[in-house]
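*Asks:* Chains as they are written, first to last, in my numbering: chain A, 1 to 538; chain B, 1 to 111.
No wet-lab data here; the hints were simulated from the structure.
Everything numeric in this text was worked out from a predicted model, so none of it was measured.
Note that the Cβ used here is the ideal one computed from N, Cα and C, for glycine as well.
A portion of the hints provided could be inaccurate.
[Said to hold, decoys possible] FRET-style restraints, in silico, Cβ to Cβ:
(1) B:K97 with A:E537: 21 to 27 Å
(2) B:A41 with A:T229: 43 to 49 Å
(3) A:M477 with B:G49: 31 to 37 Å
(4) B:P23 with A:R386: 47 to 53 Å
(5) B:P74 with A:A405: 26 to 32 Å
(6) A:T435 with B:P23: 18 to 24 Å
(7) B:A37 with A:A514: 25 to 31 Å
(8) B:I45 with A:K107: 34 to 40 Å
(9) B:T31 with A:V201: 41 to 47 Å
(10) A:T8 with B:G49: 46 to 52 Å
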Amino acid sequence: MNTSLGQTNPIAIAFFFLFVIITLGITYWAAKKTKTAKEFYAAGRNITAGQNGLALAGDYMSAASFLGIAGMVALSGFDGLIYAIGFLVGWPIVMFLVAEPLRNLGKYTFADVVAYRLRQGPVRTAAAVSAVTVVTIYLIPQMVGSGTLIKMLLGLPYEAAIVIVGVLMIAYVLFGGMLSTTWVQIIKAGLLLAGSTLLSVLVLAKYGFSFDQVFGAAVEKVNELAKGTAEAGTGFKMLQPGKLLAKPIDTISLSLALMFGTAGLPHILMRFYTVPDTKAARNSVNYGTAWIGYFYILTFIMGFGAASLVGKDIITSIDKKGNMAAPLLAEALGGPIFLGFIAAVAFATILAVVSGLTLSGASAFSHDLYASVFKRGKSTEKDEMRVAKISTVVFGLIAIFLGIAFKEQNVAYMVGLAFAVAASANFPAILMSITWKKFSTAGAVAAIWTGLILSVGLIFLGPTVWGEVLGHFTTTMVNGVATKVPVGIFPLSNPALISIPASFLAGILVSLVAPDAVAQEKFDEKKVRLYMGVGAES
Amino acid sequence: MAVKVKENATINKESTDRILNDPDFIRLSSTRNRIAAVLTALTLIVYYGFILLMAYGKETLSKTLSPNITIGLPIGVAVIVLSWIFVFIYARWANRKYDSMVDQLKEKIGG
Numbered sequence: 001m002n003t004s005l006g007q008t009n010p011i012a013i014a015f016f017f018l019f020v021i022i023t024l025g026i027t028y029w030a031a032k033k034t035k036t037a038k039e040f041y042a043a044g045r046n047i048t049a050g051q052n053g054l055a056l057a058g059d060y061m062s063a064a065s066f067l068g069i070a071g072m073v074a075l076s077g078f079d080g081l082i083y084a085i086g087f088l089v090g091w092p093i094v095m096f097l098v099a100e101p102l103r104n105l106g107k108y109t110f111a112d113v114v115a116y117r118l119r120q121g122p123v124r125t126a127a128a129v130s131a132v133t134v135v136t137i138y139l140i141p142q143m144v145g146s147g148t149l150i151k152m153l154l155g156l157p158y159e160a161a162i163v164i165v166g167v168l169m170i171a172y173v174l175f176g177g178m179l180s181t182t183w184v185q186i187i188k189a190g191l192l193l194a195g196s197t198l199l200s201v202l203v204l205a206k207y208g209f210s211f212d213q214v215f216g217a218a219v220e221k222v223n224e225l226a227k228g229t230a231e232a233g234t235g236f237k238m239l240q241p242g243k244l245l246a247k248p249i250d251t252i253s254l255s256l257a258l259m260f261g262t263a264g265l266p267h268i269l270m271r272f273y274t275v276p277d278t279k280a281a282r283n284s285v286n287y288g289t290a291w292i293g294y295f296y297i298l299t300f301i302m303g304f305g306a307a308s309l310v311g312k313d314i315i316t317s318i319d320k321k322g323n324m325a326a327p328l329l330a331e332a333l334g335g336p337i338f339l340g341f342i343a344a345v346a347f348a349t350i351l352a353v354v355s356g357l358t359l360s361g362a363s364a365f366s367h368d369l370y371a372s373v374f375k376r377g378k379s380t381e382k383d384e385m386r387v388a389k390i391s392t393v394v395f396g397l398i399a400i401f402l403g404i405a406f407k408e409q410n411v412a413y414m415v416g417l418a419f420a421v422a423a424s425a426n427f428p429a430i431l432m433s434i435t436w437k438k439f440s441t442a443g444a445v446a447a448i449w450t451g452l453i454l455s456v457g458l459i460f461l462g463p464t465v466w467g468e469v470l471g472h473f474t475t476t477m478v479n480g481v482a483t484k485v486p487v488g489i490f491p492l493s494n495p496a497l498i499s500i501p502a503s504f505l506a507g508i509l510v511s512l513v514a515p516d517a518v519a520q521e522k523f524d525e526k527k528v529r530l531y532m533g534v535g536a537e538s
Numbered sequence: 001m002a003v004k005v006k007e008n009a010t011i012n013k014e015s016t017d018r019i020l021n022d023p024d025f026i027r028l029s030s031t032r033n034r035i036a037a038v039l040t041a042l043t044l045i046v047y048y049g050f051i052l053l054m055a056y057g058k059e060t061l062s063k064t065l066s067p068n069i070t071i072g073l074p075i076g077v078a079v080i081v082l083s084w085i086f087v088f089i090y091a092r093w094a095n096r097k098y099d100s101m102v103d104q105l106k107e108k109i110g111g
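The following block holds chain A by itself, in its conformation from the complex:
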């Protein structure tokens, strides 16, 4: 199969322009409705549950999901499932533990909830640093991905692609705030769901709507490609749990990060303030989970479809990690027009996700650090808005810089890292501040810093960064062949198994040693607000 990937695709560019024109039009409309802080951070709290459900899905289904998981399934088969499932099971946790309390207790950011009855300065500072860390780590792979993707799909130079993405996301957030960011997410989610559905239906149609034949064809194709090699006849392994799970303890650590990280992602948590009340917050999680679950089931059909209709050899020749499996599948099924459409969808996906990240990163600066810590809650709304807009531009420029600085680096591991940091630094503090009366200011600060420093530190010392990135290897025998394996000072590739319990432990111990009488007194009032929504921001 010949692919036109890597060449300028006029159809992709046309779709891409259409998306940009529509979203800039929305931004123009949203700009007129974005004057106050409530409008900038929370879209005036006028987003409906149905809209927010799609926007949550839009924020969550990043290019890592669409391109990454489909690619992983195409290359590793069954093992790709573990990511698809891991990303989804975070949502019940969001629903049962954080969505409603967040809506009832907070205003614009998750730090509002953690700092609710504690001393603002130290808690907000820690929460804002942790929010910015998570957002930045999440942003880097998205930016690098967008550069590579646009270079591949539209034929533009890498740096130009990064600048285009950066400028567009700054424009959406700067002028249209949360309102235009939300609509960009909704449109992107619609496009992504429609595109994935179409791809999956075409794959199924090709095999007479028989799942057995879809999987069978993938197995056959792997066997055919492996003929005469050491891997001959191993096609059926596509349908079994395999080597990704060689170390179960690594898998358990990763799955903890995925499961509890979602409930600590600042840009996701911010969405619960955009709806009018608790009921809408809860229903938006219900809709969002349904869309995301449906999408992850589709990634499976797309992945196996790419394995049989495109083939491992071509997928890896374009991109070693398999990230181009879905676009290649589109080309195989519908020629350059369908490729162009899916390319534009992938582009919209990245653009929407980076916009959401930029808004939440800027809010941590303006709402948490500037208004609450630096000005001790005494800044005017006008000042806070000005700082929010400056932060948006600065944050966007930093993103462009990082995107270019990390060019051609392997950054795929950073998505798992962002989830690990969110699960270790943000989630324990949020949960304890909601549920535990004795949680104190010192305890919150200890929980956040412990989770943050430990998760980032252990990732650095782990096999991915210390081993692979910094070049520390050991040679072991795998099936009688000497193989170079990356080693770290810390053995696990994901730190969540250690850093999540450590954060809880630090929070509990320090709260008991350094109690906070005022905070305990305020807990009763908070409890009424938490369960009944009395006094929640409207």
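Use these hints to put chain B onto chain A, whose structure you have.
*Replies:* Coordinates of chain B only, in the frame set by chain A:
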């Protein structure tokens, strides 16, 4: 439809104590906590059950249902669907029962 309560965010100490000691509030908060805890536990059991099966039960998951469908595939999809069903159950319960419990309590205490 939720009753809009317009009072200030700062409720005074006395009325807070009154609400907290109201048997209806105690029932409300403990029911919510119990349901959230049970559903969280179910999610954890389903998910980690699957992870452990992947790690230690490879043979079981590799058994075939039809020539090219291993049992692990539908089980994996079932974990996704079940997670959503748990979310759906919670939303339905909260929409139907919890909200009206809150509304009744608000009316009773004169919100």
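*Asks:* For this structure, which hints from the list above don't hold up?
*Replies:* The structure breaks only hint 5.
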